[in-house]
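Assemble the whole structure, with the sequences as input and the hints as a guide.
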Amino acid sequence: MTISSYTERPGHRNEEADGLSVPWSRPSPKRKGVSARAVSAVTILVVLAIWALSARLQLVSPVFLPSPLAVWNKFIVVARDGFVDATLLQHAVASLARVFAALVAAILIGVPVGLAIGISSVGRGIFDPLLEFLRPIPPLAYLPLVIIWFGIGEPSKILVIAIAMLAPVALSTASGVRGVSQERINAARSLGATRAQVVRHVIVPSALPSILTGLRIALGAGWSTLVAAELVAATRGLGFMIQSAAQFLVTDVVVMGILVIAAIAFVLEFAIRRIERVLVPWAGRE
Amino acid sequence: MPHLVLDKVSIHYDGQAAPAVERVSIDVAKGDFVVLVGRSGCGKTSLLNVAAGLVVPARGHATINGRPITAPGSDRAVVFQNDALFPWLSARENVAFALRLRGVRPAERARRADALLALVKLTDAGDKRIWELSGGMRQRVGLARALAAEPEFQLLDEPLGALDALTRERMQTTLLDLWTASDVGVLMVTHGIEEALVLATRIVVLAPGPGRVVQTFEPGFSRRYASGEAIRTIKADPAFAAARGELTDAIFEGEVA
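Note that the protein sequences, when read in sequence, are chains A and B.
In short: position in the first sequence from 1, add 564, done, that's the working numbering.
In short: position in the second sequence from 1, add 1450, done, that's the working numbering.
Hints may be right or wrong, so weigh each one.
Once the Cα atoms are required to be at most 20 Å apart in a straight line, the calculated SDA-like pairs of lysine to any residue come out as [said to hold, decoys possible]:
(1) B:Lys1578 x A:Arg841
(2) B:Lys1480 x B:His1641
(3) B:Lys1578 x B:Ala1565
(4) B:Lys1571 x B:Ala1631
(5) B:Lys1578 x A:Val842
(6) B:Lys1458 x B:Pro1658
(7) B:Lys1578 x A:Gly848
(8) B:Lys1578 x B:Ala1560
(9) B:Lys1458 x B:Val1664
(10) B:Lys1480 x B:Ala1508
(11) B:Lys1480 x B:Val1664
(12) B:Lys1578 x A:Trp846
(13) B:Lys1578 x B:Phe1536
(14) B:Lys1578 x A:Arg849
(15) B:Lys1571 x B:Thr1624
(16) B:Lys1578 x A:Pro845
(17) B:Lys1480 x B:Arg1517
(18) B:Lys1571 x B:Leu1613
(19) B:Lys1458 x B:Ser1475
(20) B:Lys1480 x B:Thr1666
(21) B:Lys1578 x A:Pro769
To be clear, the hints were calculated from the coordinates, so they are not data collected in a lab.
In C-alpha cells:
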C-alpha cells in the first residue's frame, strides 16, 4: 500500500480505481500467454508446499514453524472453543468493530478536511502541514501518548486506528477535489449554481471515486494498525489474540491469527471494490 | 430588447507579454446567431469566456441588458466542446440540473426535462447514463441542459468540435431548430467555415496576434433555413460557395505560411 498514490492528481481514474494493476500492463483479456491469476495461484501453492515440506522434514522446530495442518486444526479448535476466553469470531468481531468505528470517525473528520484542502488555499494552509506531520508517524510511536491522554479504554484503541486512517481519507479527498474538471464547474456556475451548490452538486460527486479509493487505502492502513491498537489492556481482538499466543509460544495460534487478519483484509478490499462499482459506476468511463 | 455587448474588450492573461485580445466589440441581440471564427490564438474562446463571466477583461466593458457582467449567470448558458455533463446523473437529471438548483419540484423537473429532451430528439434517452450516450447525443443533452435554465443567451464554445463529420452536419440543423424554436441570442465559437456560414446571422472574423476583428459578414443562410428552405438546397446554392470562398480568404488573409 503506497502512500504516494493519493498525493497525485487522479488524471487516470481507471488506473486509480484498480490499484493492483500497473500502468504498463495492459488489461486486455485477449492477451496471449499465461494469466496473472494462474501465476498467482501457482505461487501460493508453491509457498504452501515449501511450508508443508519444511515442517514435515522438521527443518525448523514446530515451535517456530507449525505445519499447515496444525494451523488449520488450530483454526477449527479456536473457532469452536475459543482462545483466551473468546472464540475466533468474537475476537474478529471486536477487531472489526474497532476498525469500523475508526473508519466512521476518519470519514467524519477526513472528508471535510480534504474538501477544505482541495477547495480553499486557507484550508490547505491549515491542514496540509498537520497531515504531513501526522502521516509518516508509525502508530506505535503515538500509542503511548494516546494512552497517557485518553487512558487504556476502548476510545484510545479506536483513536489510534482513526489517526492512521485520517491522512489517507483526507488526502485522497483533496486530490479528488483538485482533479475536478474546471469545465464542469464552469458549466454548473453558468447554470446558476452558487459556490455552495457547486461544492455539493459538482465537487463532492466528482471527487467520490477518489474518496472511495481513500477509504480503501484507509481500511488497509487501519487494519494494519490493529495489533498496535490492541497492545494495551485489550481482552478481545485478533491482535490481542496473537500477542497472548506469542507470550506462551503458541505459534500455531499466532500463524493462524496472521492468516485470519490477512483473509479479512482481503475480503474488505474486495467488498470496497464492489461498493465502488455500485456507487461510482462512471469512474474510468468518462 | 435583450442585448449582450462586448465593448472594446481587451484581454490580458497573467504572465504573458502581449494581450490575447485587443479592443474587440461584439453585439448580440435576442434572435441573433453570432459566430466567431479565426485561426487559433485569435482569442475567440477568451471572448466567449468574457461574455460567460469566466474571464475578466483587462480593459473595456462586457454588459448584459446594460448590467456589467461580473460572474457566470443562468441568463447566459454555456455549452462546452467537451460536454461537461455530470456522469453521476442520468440524462434527464442532467437536463434538469438548473431547475434542481432553483428548487423546482421533482415531478415538474422531470416533466420539463422530458420536454427539452424531446426538443433535441432524445425522447427515450432520459433514463440513460451519460457514458451510454454517443458524442452527438451527449452534446444534445448539453444543449437541452443549457436551455433548461431558460437563458436569454446561449454561449456555445465549439459545441460540435469533438463530433465526427456526419454527426456534425446533423447537429447543425439541430442547433438551428433550437435557435428558431427558443428565440434566444446565440454567441458561438467554431473552427468550421461551412458551419459558420450555415448557422450565423453574423460572422465575426478574428485574426491573431493580438486578437482583433478583421471582417464581419452577414451571410443570411440561417434565416433562409428558418423560413423553410432545405439545408441541402442552401448548401448547393452558388451563393453559398461564393460566400465560403470569401470567408476563407478573410480568415487566412495576412497569414505567412
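Determine which of the earlier numbered hints do not hold for this structure and return their numbers in increasing order.
2, 10 and 11
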